[in-house]
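Position chain B relative to chain A; hints supplied.
2 protein chains.
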Amino acid sequence: MPTVALDLLGGDGAPEIVADAVALLLSGESPGEPVPELIVVGPPELARDLMTVRGVAHERVEVVAAGRAVGMDEDPLGVIRAHEDVSVTVAARLVARGRADAWVSVGHTGAAVAAAVLELGRLAGMSRPALAVVVPALAGPVVLLDVGAAPDATPDLLRQFAVAGCAYAESLGICDPGVGLLTIGGEAGKGDRLRRSGHELLEEVLPPRGVRYVGPVEGHDVALGRRAQVVVTDGFTGNVLLKGLEGAVQWSAARIGQAYPDASPAWQVVVDTATSDFAGGMLLGVDGVTVVGHGAGTAEEIGACVRLAARAATRSLVTRAAGALAGWSA
Amino acid sequence: MPTVALDLLGGDGAPEIVADAVALLLSGESPGEPVPELIVVGPPELARDLMTVRGVAHERVEVVAAGRAVGMDEDPLGVIRAHEDVSVTVAARLVARGRADAWVSVGHTGAAVAAAVLELGRLAGMSRPALAVVVPALAGPVVLLDVGAAPDATPDLLRQFAVAGCAYAESLGICDPGVGLLTIGGEAGKGDRLRRSGHELLEEVLPPRGVRYVGPVEGHDVALGRRAQVVVTDGFTGNVLLKGLEGAVQWSAARIGQAYPDASPAWQVVVDTATSDFAGGMLLGVDGVTVVGHGAGTAEEIGACVRLAARAATRSLVTRAAGALAGWSA
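Quick mapping for you: the protein sequence lines, in order, are chains A and B. Just so we're on the same page, this note's numbering is the position in the first sequence counted from 1, plus 2. Just so we're on the same page, this note's numbering is the position in the second sequence counted from 1, plus 2.
For the record, the hints were derived by calculation from the structure and aren't laboratory data. Using N, Cα and C, we set each Cβ at its ideal position, and we do this for glycine too. Hints are not guaranteed to be accurate.
On the chain B side, residues computed to face chain A include the following (Cβ under 7 Å) [to be verified]:
1) Ile176
2) Gly221
3) Ala225
4) Lys245
5) Glu248
Restraint ranges, calculated between C-beta atoms of paired labels, are given here [what the hints assert, rightly or not]:
6) A:Ser318 / B:Glu18: 43 to 49 Å
7) B:Gly123 / A:Glu202: 32 to 38 Å
8) B:Asp178 / A:Arg317: 49 to 55 Å
9) A:Ala59 / B:Glu205: 48 to 54 Å
10) A:Ala298 / B:Asp178: 27 to 33 Å
11) B:Arg317 / A:Asp77: 44 to 50 Å
12) B:Arg198 / A:Arg317: 33 to 39 Å
13) A:Glu47 / B:Glu205: 42 to 48 Å
14) B:Ala298 / A:Asp158: 32 to 38 Å
Bound-form chain A, shown alone (with noise of 0.2 Å):
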């Protein structure tokens, strides 16, 4: 069973909620899911005392200490390298030392992609790490990337992001992905710069390469997921879908609530699956599997999250990702 290391002190509801979802995951309500070893990183007394208020057995969560977390309105890498007890630093370094499996956070982005940076390092071939969701499309599942770690991308950057998006989507059993760009117009030499260049790095290098690239993609093949399984694009155009489709998600419930009030349960199942399905982004491209969540998710979505960092870990994500991204930079 992979041993997972979380951060006490990031999320928006921190560290109580933190604190419920590893009650939750304790607490086996997953029946058929094994449920992974977890390193909760945060004050020593802090999380003892949370956790027997939750009725959680000390000896089942090792505790390893940190200090403070990295505020919203903190410059991350200052604090990550003004202090040494920083949780994200702490989480990430157990991985990088052999004694977890992976990590997760669901504090500041940036803090996290720092310190998986620092403290696990690059992969050879990926010069930015990106993170990348799976969006539960209607033909199955999407992996969009990236989705906030690299907000300005170059035509190379995508290209790596193609190579190790490919590789979680193998990890996540999807068979011979096809790569889509994201741009605006079905038809080549649509788009901006970004896009017009991009489409030509990868149509020239991906396919003899045996990445299946399937051309340009528009903003509703994310949801219906019939032309691409891997969609790749800047950091700033994919978090801005991402969270454009949260809200039309939330938009849908809500005018249909509106509409047929007896609706109400179906409505809510749409947004939780939404939701939690989005909730743990995988950050690629560094040498150790992490997880960044959304902020303000709840317990339920941070035990996702420490799920899809226990099975990424299980199925060898970062040795597939370094395999594949290797054939690029020999």
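Then chain B, alone, in the frame of chain A:
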């Protein structure tokens, strides 16, 4: 009653579906809203045959001759320059010459934008026209622009979009609209280079001129509508987001339909509401009311575009936009 010129040849289902829209409009199935006068722009014999088949009396629809459309894979500027009888050119020219008060095309977006710029001219103070859609957000309508006319933007172009977007919002009866800059993260300083510079510029120049800048907003704010009534972004991001919203609404409807088959009328209502509201983009910054609809639009959606064009003409949209922009170019 305003007169609207309608491009018979643009759109995936043209000319038949455009003729269906004409028949639908003239059937007067929206009591309470007067039907605009219509000019159909296309090959006269074809237009008359289509009207006859649909039982539309010839005296109810004026026909102005045009010979060809711009194909989806053609270079719009090349076609428009090489041929005198392109339908978008003829339709836009009717507005330029005062024979129509507004025009509508559901064909090639780039062709419609090019024809509008060439025949009507840009308004002073607007260096590139922008397509604006009205998203029926939960808290009320939100004007989102640009959604595809200007894929690459600059900070000053975002400022122009803010000014023109407010004029459009006010013409729709939205009082004192708040302007948001679409970005990632609610804090200033997040986002890519364009957003960081754009935020500084908007914050500096808009409030002193009476435009209420509310700061950064995120993808979900466009569907929820609580933070801003006008959301500005480059045409690439806006188009991806708009299509993402459409896809997510379809996703929600399909998921609810699967979970609760009895609720199928409910989800159909949601999809229809969303798509018909997104169907018409208003081209802001040209000297004449120009509506560019969704190429895959239904007859109902094309009819909605014609009504939208007529309303904008009635409410003096162009005069308002020109006035708002003139303050800046002086």
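Hints versus structure:
1. Ile176: Constraint on Ile176 (chain B) not satisfied, violated at 18 Å.
2. Gly221: Status holds, d = 3 Å.
3. Ala225: Holds. Min distance 3 Å.
4. Lys245: Since the shortest Cβ distance to chain A is 3 Å, the answer is holds.
5. Glu248: At about 5 Å, which falls below the 7 Å cut-off, the nearest Cβ of chain A leaves the hint on Glu248 (chain B) intact, so it holds.
6. A:Ser318 / B:Glu18: 43 to 49 Å: Roughly 55 Å apart at Cβ, these two residues miss the hinted range, so it is violated.
7. B:Gly123 / A:Glu202: 32 to 38 Å: Because 34 Å falls inside the window, the suggested range holds.
8. B:Asp178 / A:Arg317: 49 to 55 Å: This hint holds: roughly 53 Å between Cβ atoms.
9. A:Ala59 / B:Glu205: 48 to 54 Å: 53 Å, holds
10. A:Ala298 / B:Asp178: 27 to 33 Å: Given about 29 Å between the Cβ atoms, the range holds.
11. B:Arg317 / A:Asp77: 44 to 50 Å: With Cβ atoms ~47 Å apart, the hint holds.
12. B:Arg198 / A:Arg317: 33 to 39 Å: The hinted range 33 to 39 Å holds for Arg198 (chain B) and Arg317 (chain A), with Cβ atoms some 38 Å apart.
13. A:Glu47 / B:Glu205: 42 to 48 Å: Holds: the Cβ-Cβ distance is about 43 Å, inside 42 to 48 Å.
14. B:Ala298 / A:Asp158: 32 to 38 Å: With a Cβ separation near 34 Å, Ala298 (chain B) and Asp158 (chain A) satisfy 32 to 38 Å, so the hint holds.
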